[in-house]
Amino acid sequence: MTEKLILVRYEEIFLKRSNRNVFENRLIRNIKQRLDNLGDARVTCSQSRIYVESSDEDFDLVEAVDRLKKVFGIASVSVVSRVPTDYEAIKASAVGIVADLLSRYGYKTFKVETKRADKSFPMNSPQISADIGAHILKNFPRLKVDVKTPDFILYVEVRESTYLYSEIIPAAKGLPTGTGGRAMLLLSGGIDSPAAGWMIAKRGVEVDAVYFHSPPYTSERAREKVIRLCEILSEWTMGMRLYVVPFTEIQMAIHQKCPQEYLTIIMRRYMMKIAEVIAHNNGALALITGEAIGQVASQTMESLLVTNSAVSLPVYRPLIGMDKSEVVKLAKHIGTYETSILPYEDCCTLFVARHPATRPSLEKTLDYESVLDEEQMIARALDQAETIIV
Amino acid sequence: MIYFDNSATTRPYKEVVDLVAKLSYEEFGNPASLHSFGMRAERILEQSRKQLADTIKADPEEIIFTSGGTEAVNLAIKGSAEALKRSGKHILSTPIEHPAALESLKALESIGYEVEMFSVDGKGLINIGELKEKLRKDTILVNIMMVNNETGVIQPVEEAGHIIKNNNPGTVFHVDAVQAYGKLPIDTRRLMADIMSFSAHKIHGPRGVGMMYLRHGTRIKPIMSGGGQEKQYRSGTVNVPGIAGFACAAVKKTGRMDQDNRTIKRVRERLISELKKRMPDRIRINSPEDGLPGILSVSFSSVKSEVILHALELSEIYVSSGSACSAKKNSISHVIKAMNIPAPWSDGTIRFSFSGENNEEEAKTCAKTLEDIMNTFSLKTGP
Numbered sequence: 007m008t009e010k011l012i013l014v015r016y017e018e019i020f021l022k023r024s025n026r027n028v029f030e031n032r033l034i035r036n037i038k039q040r041l042d043n044l045g046d047a048r049v050t051c052s053q054s055r056i057y058v059e060s061s062d063e064d065f066d067l068v069e070a071v072d073r074l075k076k077v078f079g080i081a082s083v084s085v086v087s088r089v090p091t092d093y094e095a096i097k098a099s100a101v102g103i104v105a106d107l108l109s110r111y112g113y114k115t116f117k118v119e120t121k122r123a124d125k126s127f128p129m130n131s132p133q134i135s136a137d138i139g140a141h142i143l144k145n146f147p148r149l150k151v152d153v154k155t156p157d158f159i160l161y162v163e164v165r166e167s168t169y170l171y172s173e174i175i176p177a178a179k180g181l182p183t184g185t186g187g188r189a190m191l192l193l194s195g196g197i198d199s200p201a202a203g204w205m206i207a208k209r210g211v212e213v214d215a216v217y218f219h220s221p222p223y224t225s226e227r228a229r230e231k232v233i234r235l236c237e238i239l240s241e242w243t244m245g246m247r248l249y250v251v252p253f254t255e256i257q258m259a260i261h262q263k264c265p266q267e268y269l270t271i272i273m274r275r276y277m278m279k280i281a282e283v284i285a286h287n288n289g290a291l292a293l294i295t296g297e298a299i300g301q302v303a304s305q306t307m308e309s310l311l312v313t314n315s316a317v318s319l320p321v322y323r324p325l326i327g328m329d330k331s332e333v334v335k336l337a338k339h340i341g342t343y344e345t346s347i348l349p350y351e352d353c354c355t356l357f358v359a360r361h362p363a364t365r366p367s368l369e370k371t372l373d374y375e376s377v378l379d380e381e382q383m384i385a386r387a388l389d390q391a392e393t394i395i396v
Numbered sequence: 048m049i050y051f052d053n054s055a056t057t058r059p060y061k062e063v064v065d066l067v068a069k070l071s072y073e074e075f076g077n078p079a080s081l082h083s084f085g086m087r088a089e090r091i092l093e094q095s096r097k098q099l100a101d102t103i104k105a106d107p108e109e110i111i112f113t114s115g116g117t118e119a120v121n122l123a124i125k126g127s128a129e130a131l132k133r134s135g136k137h138i139l140s141t142p143i144e145h146p147a148a149l150e151s152l153k154a155l156e157s158i159g160y161e162v163e164m165f166s167v168d169g170k171g172l173i174n175i176g177e178l179k180e181k182l183r184k185d186t187i188l189v190n191i192m193m194v195n196n197e198t199g200v201i202q203p204v205e206e207a208g209h210i211i212k213n214n215n216p217g218t219v220f221h222v223d224a225v226q227a228y229g230k231l232p233i234d235t236r237r238l239m240a241d242i243m244s245f246s247a248h249k250i251h252g253p254r255g256v257g258m259m260y261l262r263h264g265t266r267i268k269p270i271m272s273g274g275g276q277e278k279q280y281r282s283g284t285v286n287v288p289g290i291a292g293f294a295c296a297a298v299k300k301t302g303r304m305d306q307d308n309r310t311i312k313r314v315r316e317r318l319i320s321e322l323k324k325r326m327p328d329r330i331r332i333n334s335p336e337d338g339l340p341g342i343l344s345v346s347f348s349s350v351k352s353e354v355i356l357h358a359l360e361l362s363e364i365y366v367s368s369g370s371a372c373s374a375k376k377n378s379i380s381h382v383i384k385a386m387n388i389p390a391p392w393s394d395g396t397i398r399f400s401f402s403g404e405n406n407e408e409e410a411k412t413c414a415k416t417l418e419d420i421m422n423t424f425s426l427k428t429g430p
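Heads up: the sequence lines are chains A and B, in that order.
Here my numbering is used: position 369 in the first sequence is 375, and no number is missing along the way.
Here my numbering is used: position 338 in the second sequence is 385, and no number is missing along the way.
Treat the hints with caution; some may be incorrect.
What the hints assert, rightly or not - Okay, derived cross-link-like pairs now, SDA-like style, lysine to any residue, Cα gap no bigger than 20 Å in a straight line:
hint, chain 1, residue 1, chain 2, residue 2
1, B, Lys-136, B, Gly-159
2, A, Lys-231, B, Glu-360
3, A, Lys-76, A, Leu-348
4, A, Lys-179, A, Glu-166
5, A, Lys-263, A, Tyr-111
6, A, Lys-263, B, Asn-422
7, A, Lys-38, A, Val-28
8, B, Lys-312, B, Asn-422
9, B, Lys-153, B, His-137
10, B, Lys-132, B, Lys-153
11, B, Lys-104, B, Asp-185
12, B, Lys-411, B, Gly-169
13, B, Lys-125, B, Asp-106
14, A, Lys-231, B, Leu-361
15, A, Lys-263, B, Asn-174
16, A, Lys-121, A, Lys-75
17, A, Lys-263, A, Ala-359
18, B, Lys-278, B, Leu-155
19, A, Lys-263, B, Leu-426
20, A, Lys-263, B, Thr-423
21, A, Lys-263, B, Ser-425
These are calculated hints, taken from the structure and not from any lab test.
Treat the numbers as computed from the prediction; the structure is a model and nothing was measured.
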């Protein structure tokens, strides 16, 4: 029976505060939750590192690593072998790891990197590296040492036990989910908003989402797509709540009663207002949108000012200074891109004026809005909102 | 639920589902196996082939089973073009074919074939005179669908067959009969098609089953490599239960064709008259009166088709739209475009397609719901 062991590293910079325990404990809890149905595993913390260990036959190491890569607060992970800090045992393990690597990859060069935390060990780091390197060369005569650009590095960490591994897999970074409060994301189904939600979630914030559904102008498939986006996001955010708010009545009223060039801006303000009420009821401390300056007419600085003044909660816009190509790259990294570009174009384009105002004035907006029965319409929309736990 | 989307697919007959389930479980032998259990499956297969051949007055030897209509059309077009490439590269087709045909033709075009389209009139009909003009010595294939899937227009395929065969007997004539089968009589002895394509699920049969009629002496090249089933034309383990289900559905559907057509005609006429009564100025009937009764294309003036479709689904009424509601240019269907239906009609096109399982009451409910939708969702512009 072989022991399965994953070394989880987090960035110590966050832990120099007095609330180090809070972060560590939350991270451990999140790791346990994410790995919950993979089989028996122990998650322990020692010397500022977390170890996930399992002797369960069915524990799927590859899947576990994949999931850990998406846990905020983790800087990197490695699948490691642990042996007693005994020189013969270390050498034997090193040979085993290299044999396994060579059976899978056509590696030709390598080097050994050693960290010695256990200063009582009789050799120093360079000595250990050189000696283990020589031992590997003796066992695998085709390999060569290359200290500059090796095909692989064998890492040896000498501590109370000794850990050997060959790969450091970068993970999500950020702060553990649940250490940063809660925020409400306005989710549209496009490329931007999921990326914006992810950026804030990365800072340890629990993110919930609100989606505005306008049947028959938007289809059931568009709604399904948003739910799917939430599922992808929740692989990072440890689950989320999605509020689906019916928006048809409001949209039609705006369309009928307000000037065409102000349709979008007034609609955005209603979305913000509704999201703010849900945020209040939900304990959320901010709204999140995927806006970036100048991307579309409703995202000019003038438009953002008008939209922003609809609410008093802070509005986080993490993509504000990003180019579309940068957002696309991020969405691909998160895994939402492929779903976001599914072609369920909805008929909300009917509500977009041919020439929307790019420099709307707040004064005019308030004036145009005043004909609408805001309180009633928002109350009805909230009343019919549906909550989906993703 | 009111299901007016029978050209997309139909509900399989109960006896078809039962038969497919029973054969899948009990007669699971591979008809290509040498043992007697495989032979039992082969017997069922050949019996089904005979039954299906009879429905179109063909010889069982002329039937090739496929995975469905799309595969049959692909095999017909690509397979005959490949087989005849030394005789010429010229192909004629209508522009209002199913994507299975249009995309196959596009693929041929990209490898050097010359594809020429007929024009169609406001009804979507081709002009026989034009066919005669365009037919050339090096025309290897003429492709015409018998009934258009969006409007129900019936092309003069019998006449076209005569013209083709009198002028250029070597030209292969392919008729896509997917929408026509079981709804119009098809007689391969009179219709001078060399190849025809059929699908099971459009006539209450199972999904994933289709067939190709290949007249004796017509040459095609297979497009799939494998074990050489179906006389080398279509490799792959033959789907015996599905094919038996197809035969069961075909026998029943062709047997009750007249009865179903009468029902369907009543439903269609009821829907048209209710719509004309309720909103005479806001509708435009795109389907020709002498088209297939089961397919009715209607354009609405003030609401986009996708909005109508989603609004109808809220009342559990299911239809198809002739265009997608997007800002993109190519959202209007190629059929509606080819027929030159003017805007805003073209943006509000809905296809209703009926089966013998529908009734007039459903047509009335549907018209009433449409009236409500027009009143609720036609967007009036603000000040």
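Each hint tested on the structure:
1. B:Lys-136 to B:Gly-159: Within the cut-off at roughly 7 Å; holds.
2. A:Lys-231 to B:Glu-360: 18 Å, holds
3. A:Lys-76 to A:Leu-348: Outside the cut-off at roughly 23 Å; violated.
4. A:Lys-179 to A:Glu-166: Not OK: A:Lys-179 and A:Glu-166 at ~27 Å, beyond 20 Å, violated.
5. A:Lys-263 to A:Tyr-111: Outside the cut-off at roughly 67 Å; violated.
6. A:Lys-263 to B:Asn-422: Since the Cα atoms of A:Lys-263 and B:Asn-422 sit roughly 17 Å apart, the hinted pair holds (cutoff 20 Å).
7. A:Lys-38 to A:Val-28: Distance ~15 Å between A:Lys-38 and A:Val-28 Cα, so the pair holds.
8. B:Lys-312 to B:Asn-422: Not satisfied, since the Cα-Cα distance of roughly 28 Å exceeds 20 Å.
9. B:Lys-153 to B:His-137: Between B:Lys-153 and B:His-137 the Cα gap is close to 13 Å, so the pair holds against 20 Å.
10. B:Lys-132 to B:Lys-153: 16 Å, holds
11. B:Lys-104 to B:Asp-185: Violated, at roughly 30 Å.
12. B:Lys-411 to B:Gly-169: Violated, at about 28 Å.
13. B:Lys-125 to B:Asp-106: 23 Å, violated
14. A:Lys-231 to B:Leu-361: Since the Cα atoms of A:Lys-231 and B:Leu-361 sit roughly 19 Å apart, the hinted pair holds (cutoff 20 Å).
15. A:Lys-263 to B:Asn-174: With Cα atoms ~50 Å apart, A:Lys-263 and B:Asn-174 exceed 20 Å; violated.
16. A:Lys-121 to A:Lys-75: 24 Å, violated
17. A:Lys-263 to A:Ala-359: Given pair A:Lys-263, A:Ala-359 holds - Cα atoms ~14 Å apart, limit 20 Å.
18. B:Lys-278 to B:Leu-155: 24 Å, violated
19. A:Lys-263 to B:Leu-426: Status holds; Cα separation ~11 Å.
20. A:Lys-263 to B:Thr-423: 15 Å, holds
21. A:Lys-263 to B:Ser-425: At roughly 14 Å apart (the allowed maximum being 20 Å), B:Ser-425 and A:Lys-263 satisfy the hint.
Hints 3, 4, 5, 8, 11, 12, 13, 15, 16, 18 from the list above are not met by this structure, while the remaining hints are.
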